[in-house]
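*Asks:* The residues making up each chain are set out below.
Number of protein chains: 2
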Amino acid sequence: MASDLEVTSNLAPLNASKLKITLTSTPKEHTPAESLKFGKTYSDHIIYATYDPVTGWSDPEIRPYGPIALDPAASGIQFCSNVFEGMKAYLGADGVPRLFRPELNMRRLERSAGRLALPPFDGDVVLQLIKRFVQVEKRWIPTLSGCSLYLRPTIMGTMPGFSVVPSDSATLVVIASPSGPYFAGEVKPVSLLAVSETVRAWPGGTGGHKVGGNYSPGFLPQKLAEKQGYSMVLWIFGEDKSVTEAGAMNFFVVLKRDDGDGLDLITPPLDGTILPGVTRNSCLALAVDPSFQEATGLKLHTHERKFTMQDILKWSNEQRLTEALCVGTAAILVSVDRIGYEGSDIHLPKCEGGLAPVGKALRSKILAIQEGREEFNGWSVSCD
Amino acid sequence: MASDLEVTSNLAPLNASKLKITLTSTPKEHTPAESLKFGKTYSDHIIYATYDPVTGWSDPEIRPYGPIALDPAASGIQFCSNVFEGMKAYLGADGVPRLFRPELNMRRLERSAGRLALPPFDGDVVLQLIKRFVQVEKRWIPTLSGCSLYLRPTIMGTMPGFSVVPSDSATLVVIASPSGPYFAGEVKPVSLLAVSETVRAWPGGTGGHKVGGNYSPGFLPQKLAEKQGYSMVLWIFGEDKSVTEAGAMNFFVVLKRDDGDGLDLITPPLDGTILPGVTRNSCLALAVDPSFQEATGLKLHTHERKFTMQDILKWSNEQRLTEALCVGTAAILVSVDRIGYEGSDIHLPKCEGGLAPVGKALRSKILAIQEGREEFNGWSVSCD
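Sequences listed follow chains A and B, in order.
One point on numbering: in the numbering used here, the residue at position 14 of the first sequence is 14, and numbering is uninterrupted.
One point on numbering: in the numbering used here, the residue at position 365 of the second sequence is 365, and numbering is uninterrupted.
Here chain A stands alone, though its shape is the one from the complex:
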């Protein structure tokens, strides 16, 4: 008889070399890229693997897209032990499918799963599976600029039971969704409504992790903001009215510096309430890159520090607030044209073509890297 310890060590790890591919016999028809919405169309297949507490990870599969069968008492349904990632695959003019800094998503997926005490796995193996998956689904990558194959890795707890304890079993699914822009129509600025009655995240909560339960509590505030004519919520936290995130995106402001030495690009720090976004990280890195500054003529200084609605009001009144930006994988980057706060609107300077200068430069550069038109620090990773 094996001891408990030995049994534990015999748990199968997630193993990309054991991938089984079962292709659909009924491939779907393509939606023309022009009419693709965001996250509403799905490719022919998914990645699927399950974790069992006795045997470990099953051999992963690429299998036809379709409903998954879940016990109605599953932890993920009842207690929402679900974590996810958002990634995008692009097809370069060279025909190579590429991912953008996917290792950051994998590290975050590992951390998110750990936060909800989900079974362990190696994110690098998930990435190997995703690369193979993107190859298989290559025909689904839209080539129209602004479109991409959005990838959604999800891990959900599947243990049935009503005791409030960790799920000892789980299912990994990766969905591929050929997607148009997150905000439909031409590129245009978004409006934000500053909301402090409901809070997205708090110290000691899960705001710094990508857990599913962070998102649905934002549905109602989002709906109420839309009713008042705003695109999204700007999440304000605490008595000092700190600015945190916008909708499900990280938030930046751009300020003229007192010393005349260019611009400050400021975003709230990763204090546990802010999602460590891949696009956020990329904007911070690009903004201070000498080649980026030289090519764009933008002299930028980056800061990860707290700021408040009072700061925004003051900067706006001083005419130093030149841009406000929302960034995230789904939409990449959008400019803000106004922020509703305590009954009136703070207006940002008007911008040509829907994007303010710093936002436009960052977005263009990121998109060029993602689409494989420019190389930068190995951020764009081939799936071949």
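Just so you know, the hints here were simulated from the structure itself, not pulled from any lab data.
Values in this document were obtained by computation on a predicted structure and should not be read as measured data.
Below, simulated SDA-like cross-link-like pairs (lysine to any residue); rule was C-alpha separation at most 25 Å, straight line:
(1) Lys223/A <-> Gly272/B
(2) Lys20/B <-> Pro67/A
(3) Lys360/A <-> Gly86/A
Given the coordinates of chain A, assemble chain B onto it according to the supplied hints.
*Replies:* Here is chain B on its own, set in the frame of chain A:
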């Protein structure tokens, strides 16, 4: 052509008179009541109904228990737009199955669903379905005292999509689980570890609603508390170290009064961070009921007000802290024997038989009402 408005008004409401019952052809074998765990065994059937944004609620069904098919992109999986309730059915000596104050669960289910912008429904109709369901599953109600048929109504968002917007479709499931006590073995006190590094709920969050996403972030702190030898987490909030809830239960303390006029029963107020528990409400109501006080000889004064760990320390040092109690539907009521706080333990007075006097009196009375042995304010509701 009907206008949008007319279409909206044609959405079918959830309708108990349209219930379709399909009984299983393969009834499960009973687990002996003595070996029932909590929430791990399920009856033969579930209640099942779906909401479609075009047609409204489907005809509800009682159908065999089994996996449900969900799109992997469903809102409930991805963004955790899931809410639930916990209820219990008991079988009286008179053979009548009874629910305990089920209308409170239904009102809370409606509020929870509204908080996550789920489709509307009438909780009274859900209750009609549950009563019929309990009749159908009557053979599954364990009659051993301390056991019951735990009921788990769940509503999950089912709209597929990756935009962070409300789910326009949903599935209602009600599961019945013949269950033993939440804490297995003989009745004994629980130990609590005061935790403030992780935070269960926050003003402006969802702590006052029964949404699934409130629970999985507690798995890891619970696991860490167990590693240190404690049964559950005592959730401490804010710089003043307010005491809020214990595990997934409401929390009370019992204090000797300064004026010698009996005891104070104190629980944190419903400020939005505290779940409005049915057992919490019942304890508050019973404690000041003249017939309860007369029968038990307990002179109790109830208070819904904030208190802190510093208060608990002080009350303990003054030897006024006679009991600490955790209450909730699953476990009803358990006494606390010690609270770990900042490296040492606050010990509660030892109690005979695992329950301190006030806790024992409240628990006995609630159980007597639940089991139909005593009548109180119509709290116990027949399913026949």
